[in-house]
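Listed in order, the protein sequences are those of chains A and B.
With my numbering as the guide, the letters of the first sequence map in order to residues 1 to 250.
With my numbering as the guide, the letters of the second sequence map in order to residues 1 to 573.
Accuracy of the hints is not assured; some may be wrong.
[Claimed, not checked] Taking lysine to aspartate or glutamate pairs in the DMTMM-like style, the calculated list, with each CA pair at most 20 Å apart, reads: (1) B:Lys-96 <-> B:Asp-86; (2) B:Lys-520 <-> A:Glu-88; (3) A:Lys-194 <-> A:Asp-177; (4) A:Lys-75 <-> B:Glu-519; (5) B:Lys-264 <-> A:Asp-83; (6) A:Lys-118 <-> B:Asp-259; (7) B:Lys-509 <-> B:Glu-12; (8) B:Lys-520 <-> A:Asp-170; (9) A:Lys-26 <-> A:Glu-9; (10) A:Lys-80 <-> B:Glu-519; (11) B:Lys-4 <-> B:Asp-16; (12) B:Lys-369 <-> B:Glu-472; (13) B:Lys-409 <-> B:Glu-385; (14) B:Lys-335 <-> B:Asp-439; (15) B:Lys-520 <-> A:Asp-59; (16) B:Lys-264 <-> A:Asp-121.
[Said to hold, decoys possible] Some residues of chain B that are not near chain A, with every Cβ distance over 12 Å (derived): (17) Phe-69; (18) Ile-157; (19) Leu-274; (20) Phe-276; (21) Arg-283; (22) Lys-335; (23) Leu-473; (24) Leu-477; (25) Met-517; (26) Leu-518; (27) Ile-521.
Since the hints were derived computationally from the structure, they do not count as laboratory data.
Being a predicted model, the structure only gives us computed values, none of them experimental.
For every residue, glycine included, the Cβ atom is placed at its ideal position computed from N, Cα and C.
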Amino acid sequence: MEKIVTVNEVKKTYGKGNQKQTQALKGISFEVEKGEFVGIMGASGSGKSTLLNLLATLDKPTDGKIRINQADVTKLSGNKLADFRSREIGFIFQDFNLLENLTAAENIAVPLSLQGVKGKDIHRRVAEVAKRLSIDSILNSYPAQISGGQKQRVAAARALITQPTILLGDEPTGALDSNSARDLLDTMEELNQKDQVSILLVTHDPFSASYCQRILFIKDGVIYQEVKRENQTREAFYRQILSILGNLEQ
Amino acid sequence: MLLKLSLTGIKERLRDYIVLFSGLVMASGIFYMFESLATNKAFLENNSMISSVVLIFHLGTVLLSIITFVYILYANSFLMTMRQKDYAMFMMLGAKGRKIAQLIFIETFVVGIGATLVGTLLGIGLSSIVQQLLVQQLAIKITHFTAVNTSAVVFTIIFFAVIFLLAALVNAMTIVKKPILNLLKASETPLPANRKFVTLILEVLAGILFLGIGYFMMIQVTNLAFLALVVALVTIILGTYFVFHSILIFVLDILKRHDSIALKNLNNFTLSQLSFRIQDYTRILSMVAMLFALALGAITVGLGFHNEIMKMTEATSAYDLVLNNGQNFSASDLKQINATSDAIYQQKEDNDTVYYDRAQFDQTPLRTKELTMSRQAKKVAYTGEQLANDVTASDQLRSLELPEQSAKKHQFLTSEAFAALPSSATELRVITVADFTKDKEALKNLANENFRKNPTLDKNMSSMNQKVLVYELYNALFSGFEFMGFFLGIAFLTMLASCLMFKILSGAKSDIQRYSMLEKIGTRRNLLKQSIRKEIGILFLVPGLLGVTHVLFGLQMFKTLLSDPIVIFGCRF
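This is chain B alone, in the form it adopts within the complex (with noise of 0.2 Å):
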C-alpha cells in the first residue's frame, strides 16, 4: 500500500523527476566520457609523447569525482525536498518510520542506479557519436579507442552505486530522525544569511590571494613542474570558490546601493534574486566555472595542436608539390590542381656536375623556408647569383634533386652555355597551388606518381619534400592530442551546461511564486522575462568569465608545448 502510495507521488511530480533523472543521466554520462579516455591507458601512451599525460588524467579524475559528488549532492537534496514532505504525511497518518526509511533508502537507490545506468549507456552513445564526429569533421586518425571500455563501465557504475548507497542511508537516517514537523516545513524558505561586512571583505581577500597564488603557479609550471599542477589545482578551486561566495556578492552589494542602477524597473529584485542565488548556488557555480576552464582549456589544446598540424608543415616546405624529371608529366596531369605558381628548372648533368641555367632562377628565384634563431619559419628566395655563390643556399636546391643527382657539384651557367651542352635536359618542377587543403587528395596523388615514376627516389627521406605528406605524418602525430582536447570539451561543457539547468530548473518552484507576486502588483510581462534573461545569462556569463580567465593562466602549461614543439618532436629537423 504504503509503495502504491509513494508511487503515485512519483507521478504526480513527474516533472520534478524527470528534471532530476535527466541530471543523474547526463553527470554519468559524461562521467563514463571522461573515464572511457582515462581507463584506456593503451590510447594514452600511444597518443601522447608526455609520459605526465596519465598523470593529468588521474587528477582529473579526482576533479570530476569531485565535482560528480557534489553534483549528486544537490540532485539528492533536491530529491529529499521534493519527497519528505510525503514521507512525513505518510507517517503522520501512522506509517511506521523503519518502513518510511526502507522505502526512502530504496527509491534513492533506485533512481540511482537507474539514472546511472542509462547515464552509461548514453556515455558509451555520446562517445561514440563524438568520436565519428571528429574524425571526420577533423580528418584525425584515432588508434586503440573505442566507445565500449569494459573498464569505464565497471569504474563508473560502481563510482556511483557506492556514491547512491552513502546518499540513500543519509536520507533514510535523515527520514527517522527529523521530527516530523519539520519535515512537514522543511520546504519554506531559509533566512538571508546576515553576513558581516568584515568577515566578507576577509573573505573576498582570501579569494583574490588565492586565485592569485593559484595562476603564479600556472606561470611557474615550467620550473616547479608537478607541485605547481596540485598547488594550483586546490588554490583555483578555493579561489573559485570564494569568487562566488564573497566578491560577487560584493560586488552586487555595491551595485544595490547605486539607486540610478538599483531603484530601475526590476533591477533590485534581480540584484538581489542573484545575490541570494549565487550564495545558495556557491558551490555549483564554483563547479561550473571550474568544467568551463577545464573544457574551454582542453578545446584550446585541441583547437591548438590541430592548428599545429599546418602551421608546422607550412614551416617544412616552401612548395606544395616537387616533381623529378617533371618532363615527364603532361599538362593533364596537373589539372587535377590548381597550381598558382609553377617553376621549372632545367637540369643537364654529366658524371660529376649538376648544370643550371642560371638565368631561370634570376626570373624565378628557388624559394625556400628556414628557421631562424627564435625557430619561426622564414621564407627565402634565392637568385641564381646567390645559388652559384653560397653553399647553403645550393644545399636548399640539392634537398630537392634525385638522389643520384644531390651528390654531384652544381654549376650554374649562362644561358647560351647552357643551351650549348651536349646532352638533353631534364626538369625539377616546383609547384604551389591556391589552396592546399582543397588539393590535398589530388597533390598525394602527384607526390605518389613522383615516387613511382622516379625509383631512385627514397621514400623515407624524401618524403619530407612533398608537403602533402609531411602533412599526413604530423596529423597522425598530433591527432591523439587533438581528439582527447576535443573529447573532452565537448563532454565537459556538456556536464556544465547540465549543472547549472539542473540547479535552474529545480529551483523553478520558488520563482514561479515569485515572479506571479510581481505580476500581481502590476509587472509587464516583458519585464519580468528580462529578469529572468539577466539573471541566467549572468548565473552562466560569470562562470563563463572566470573559467576563461583560469584557461589564460593554464594554458602557460601547454605553451611550452604549442609555440615550440620542435623541441619535443624535435630529431627531425
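Isolated chain A (complex conformation) (with noise of 0.2 Å):
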C-alpha cells in the first residue's frame, strides 16, 4: 500500500534557550497508508495536540522528519507552505472554525477560491460535496443559524472540497451532542470506505475513536501502545480502547 504519511523519529520541545524547556514529544514515528482510520489517543498533556499541530505542518519539530504525500513537510516555508496546506490537508476543528460572516456554501468555497478553480466548477463541486454529506438545503444560512452537527458538516465539507491527501480531525465530536457525534462519525467512516478518504484523528474519546482501523495510544510524548480493530465489531474494539485507557492512567 501506499504511505501517505511518514513520522520518523519526530521530536518537539518548547521553550527557549534560557527557558525551561518542556519535551512535548520525545521521538515519535508511524506511518498512515492510503485510505486507513487512524485515531491517535492520550491524556491531556500527552503530546497529542502537538502532534497534530505538526501533522498540520501549522508547527515546526525540533527534530525529525515529517512526510505528507512524497513531500517533507519540515523544509516548507512561506507561499509554499500554504499552498500545500491548501492542496494536501483538510482540517476539521472541536471549535469549527468556520467564518461567521461567509455562508455554508460560501465557507466550503473558499479553499477552492484560493485555488484559483472556476466559478462554475466551485458550485458544482460545492453541490456535490453538499449532497454527500446532507447538508444541501443549509448551504444558504450563516454559521450561526445552523447547529453544531451541521457546522461540522459543512467544516467537513470545506476540508474535502479540495480532495485532500488526508484529512486531519482535531476532537472533531468535542463540541456536539450524542446524536451529532454519532451521526459525523457514521459519514466520516462512510467517507472512508467508499472513498477511500484517509482520515487521521486525534480524540480523547473512546466513543469517536471506536470507528478508526487503528489507535495509536501516546503518553507522555512518546507511542505507548498501538492496537489494530480488525474483525472485531465496534462495540468490542469499544471495549478494548476502554480497557487500555484504564491501564494508560495507571
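Put the two chains together into one complex, using the hints given.
Now the structure itself:
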C-alpha cells in the first residue's frame, strides 16, 4: 500500500534557550497508508495536540522528519507551505472554525477560490460535496443560524472539497451532542470506506476512537501502544479501547 | 482587594486600554481645538466680514457634539466588552453587585476624565502648533487668537464630564441588571442581520432621496439662506447614514453575486467582511464621511481664500512696481529684484500740462488691468495714439502719476516736439518681476523708498498702485478666514483618522481569529495582507468619496463669497 504520511523520530521541545525546556514529543515514528482511518489517543498533556499541529504543518518539529504525500513538510515555508496546506490537508476542528460572516456554501468554497478554480466548477463541486454530507438545505445559512452538528458537516465539506491527501480531525465531535457526533462519525466512516478518504483523528473520546481501524496511544511524548480493530465489531473495539485507557492511566 | 484585582485586569489588557485612552484623548483634544475657535468671539468677529460666521460655528459645535457623543458611545461599549467578563467573574466569585457597580462607575469616570484632561492639554498643544505652522507657512497675520482659551477649556471639560457621568451610570446599571451568564457570554459574535430585500430597497431609495434634498438645499443656499443650512444638515446626515446602512450593502451584495469577482481568491471573504463591518460601522462611517466633508470644506475654503489673495492682488495692477521720478533710482537700487520688464516713460511738465513722448508708448504700450462686466480682470495695452485720443486710457496713466501731476492735462508729442521742450525730463518707471512672491520683500522696500523720495504721494491712495502693498492689505483681510479653514480642516482630519483607527483597532481581536483560521486552511500570507489592505482601504475610501461629494455641493455656500468677493469687500473699486 502507498504510504501517505511518514513520521520519523519526531521530537518537539518547547521553551527557548534560557527558558525552562519542556519536551512534548520524545521521538515518535509511525506511518499512515492510503485509505486508512487512524486514531491518536492520549490524556491531556500527552503530546497529542503537539503531534497534530506538526502534522497540520502549523508548527515545525525540533528534530525528525514528517513526509506527507512524498513531500518533506519540515522543509516547506511561506507560500509553498500555505499552498501545500490548502492542497494536501483537510481540517476539521473541535470549534468548527467557520467564518461566521460567510454562508455555509461560501465557507465551503473558500479553499477552491484560493486555488483559482473557476466559478462554475466551484458551484458544481460545492453542490456535490454538500449532497454527500447532506447539508444541501442549509447552504445559504450563516454559521450562527445552524446547529453544531450542521456546522461540523460544513467544516467537513470545506475540508473535503479540495480532495486532500489526508483529513485531519482535531476532536471533531468534542462540541457535539451524542446524536450529532454519531452522525458525523458514521459519515466519516462512510467517506473512508466508499471514497477511500484517508483520515487521521485526534481524540480522547473512546467512542469516536472506536470508528478507527487503528489507534496509537500516546503517553508522555512517546507511543505507548498501538491497537488494530481488524475484524472486531465496533462495540468490542470500544471495550478494548476502554481497557487500554484504564491501563494507560494507572 | 477587588480594586487590586481590577487593576491587574487593566494591566493585562494594556494594549486595548492604550487604544481606548488615546481614542478618547484625541476626541477631547479635537473638541477643544474646535471650541478654542468657536468660543473666541473676539477672533470670529474681528476676522470675518460675514456676521453669520458665529452662527456657522454654533452649528458646528452641535454637529461636533453629536459626533463626539457617538465616538464616546463606541469607546464605552469597547470598554464594557473588555471589562464585563472580568467583573462578571468577580461576581461569580461572590463579589457584591453594588461594589462591582461602584467599581465600574469609578473606572469609566476616571478613564474618561483622565482622557479629557490629557486631551485638553493635547488640544492646547495642537492648537498652538497648528497656529504657528499656519502663520509661518502661509505667511498670514492672526490677531485675537490664543491657543490657551479658558472658556474652551471649561466648556470641553464640562461637556466630557457630563457625557462620562452618563456613560458611567449606564455601565454600572448594566452590570448590576444583566444576568451574570449573559455578561460572561457577551463577547460572542452577534447573528448577521437578516434584512428583507424590500426594506433594503426602500432604505436605498430613502438614502438617495435624503442626499438629493440635502444637495438641492446646498445649491439653493443663496435663495433659502439659513433654512437651507439647517435642512441640509439634517438630510445630509440621514442620507450619509443610509448610504452606509443600505446603499453600500446593496452594492456589496451585487458584487457578491458575480462569480467572477466573488469566487476569486479571498474576495468573497473580503466582501463579506466589509458587508458585516459596514453594518456594524454604519454610524462611525457616517461620522467619518461628515468629518471628511467638514475637513475638506474647511481646507478648500482656506485654500480658496489663500488663492484669492494673489488673484485679487493680480487684478489690481499690471505692474509689480511703480516708481515716480524714476531718474532718482540707480541701477543698484533695482538690483535686488529680478525685473522682466522695465518701461521708462519720460515726462516734462509746465503749470497745467504733463507732456509725454508718444513714440515711447508706441514702443512699449502702457499696460493696465481693467474689470470687465463679468468682474474679470482683463489685460489692456495702450499705445501713444490711443492714450492721446481716449480719456479712460489717459486716466489709467494719470492714476500712476504724482498727485500734483494728475491734476494737469496730458499731451502726447512726437519725439522731436518732446525733445524741443525746454524743461528737464523726469521719469515714470513701471516694472514687472519674474517671481512676485520671491521678490516681495525687495519690492516692499522699493515701494517704501518711492514714498520717501516723493513725499507728495498720499500713502492711502497711491498704495493701490504698488502691488506688494495691495497684497499685504488683502493678506490681512483674508487671513482670518484662511486660518479658520486650515485650522478646522486639520482638526477634523485628525478626528476622522482617530475615529476610524479606533474602531478598526478595537475590532482587531475578532479579526485576528478569522485570519488565523484562514491561514490554517492554507491561505497565503500575502493574500491575507491583501485582504486586510483592501478592507481598510475601502473603509477609508468610501467615506472619503462621499465626503468629497458633500463638499462639492457644500461649497456652493462659499462660492458666492469666493468667486465674487468684490461685491462683499467691494467699495474700494
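Here's how the hints hold up against the structure:
For a cut-off of 20 Å, the pair hint linking Lys-96 (chain B) to Asp-86 (chain B) stands: about 14 Å separates their Cα positions. As the CA atoms of Lys-520 (chain B) and Glu-88 (chain A) are separated by approximately 12 Å, the hinted pair is consistent with the 20 Å bound. The hinted pair formed by Lys-194 (chain A) and Asp-177 (chain A) fails the criterion: a straight-line CA distance of about 26 Å is larger than 20 Å. As the CA atoms of Lys-75 (chain A) and Glu-519 (chain B) are separated by approximately 18 Å, the hinted pair is consistent with the 20 Å bound.
A threshold of 20 Å between alpha carbons decides the hint, and for Lys-264 (chain B) with Asp-83 (chain A) the separation of about 15 Å falls inside it, so the pair holds. The suggested pairing of Lys-118 (chain A) with Asp-259 (chain B) holds, with an alpha-carbon distance near 9 Å, which does not exceed 20 Å. For a cut-off of 20 Å, the pair hint linking Lys-509 (chain B) to Glu-12 (chain B) stands: about 14 Å separates their Cα positions. Under the criterion of a C-alpha separation no larger than 20 Å, the hint pairing Lys-520 (chain B) with Asp-170 (chain A) is consistent with the structure, at around 13 Å.
A hinted pair counts as satisfied when its Cα atoms are at most 20 Å apart, and Lys-26 (chain A) with Glu-9 (chain A) qualifies at roughly 8 Å. Only pairs whose Cα atoms come within 20 Å are accepted, and Lys-80 (chain A) paired with Glu-519 (chain B) is accepted, the gap being roughly 13 Å. For the hint pairing Lys-4 (chain B) with Asp-16 (chain B), the CA-to-CA distance comes to about 19 Å; that is within 20 Å, so the pair holds. The straight-line distance between the Cα atoms of Lys-369 (chain B) and Glu-472 (chain B) is roughly 19 Å, inside the 20 Å bound, and the hint therefore holds.
Between Lys-409 (chain B) and Glu-385 (chain B) the CA atoms are separated by roughly 16 Å; this keeps the pair inside 20 Å, and the hint holds. Between the alpha carbons of Lys-335 (chain B) and Asp-439 (chain B) the distance comes to roughly 11 Å, so the proposed pair stays at or under 20 Å and holds. Of the pairs offered as hints, the one joining Lys-520 (chain B) and Asp-59 (chain A) holds, with about 11 Å between alpha carbons and a cut-off of 20 Å not exceeded. Note on Lys-264 (chain B) and Asp-121 (chain A): the hinted pairing holds, with a Cα-Cα distance of about 12 Å set against a maximum of 20 Å.
The non-interface label for Phe-69 (chain B) is consistent with chain A: the shortest C-beta to C-beta separation is roughly 29 Å, beyond 12 Å. For Ile-157 (chain B), the condition that its CB be more than 12 Å from all CB atoms of chain A holds, with the nearest at approximately 41 Å. Consistency note on Leu-274 (chain B): stated as away from chain A, yet its beta-carbon is not over 12 Å from all of that chain's, at 9 Å minimum. Some Cβ of chain A comes within 12 Å of the Cβ of Phe-276 (chain B); the nearest lies about 4 Å off, and the non-interface call is violated.
Remark: the non-interface label on Arg-283 (chain B) is consistent with the geometry, its nearest Cβ contact in chain A lying 19 Å away (cut-off 12 Å). Against chain A, the non-interface label of Lys-335 (chain B) holds: every CB pair exceeds 12 Å, the least being about 66 Å. For Leu-473 (chain B), the shortest C-beta to C-beta distance to chain A comes to about 60 Å, beyond the 12 Å cut-off, and the non-interface label holds. Every CB of chain A lies more than 12 Å from the CB of Leu-477 (chain B), the least distance being 55 Å, so the non-interface label holds.
Distance check on Met-517 (chain B): its Cβ comes as close as 5 Å (rounded) to a Cβ of chain A, failing to clear the 12 Å threshold; non-interface status is violated. Here Leu-518 (chain B) does not stay apart from chain A, with its beta-carbon only about 7 Å from theirs, under the 12 Å limit. Not every beta carbon of chain A lies more than 12 Å from that of Ile-521 (chain B), the smallest distance being close to 6 Å; the non-interface claim is violated.
Against the hints set out earlier in the document, violations occur for numbers 3, 19, 20, 25, 26, 27.
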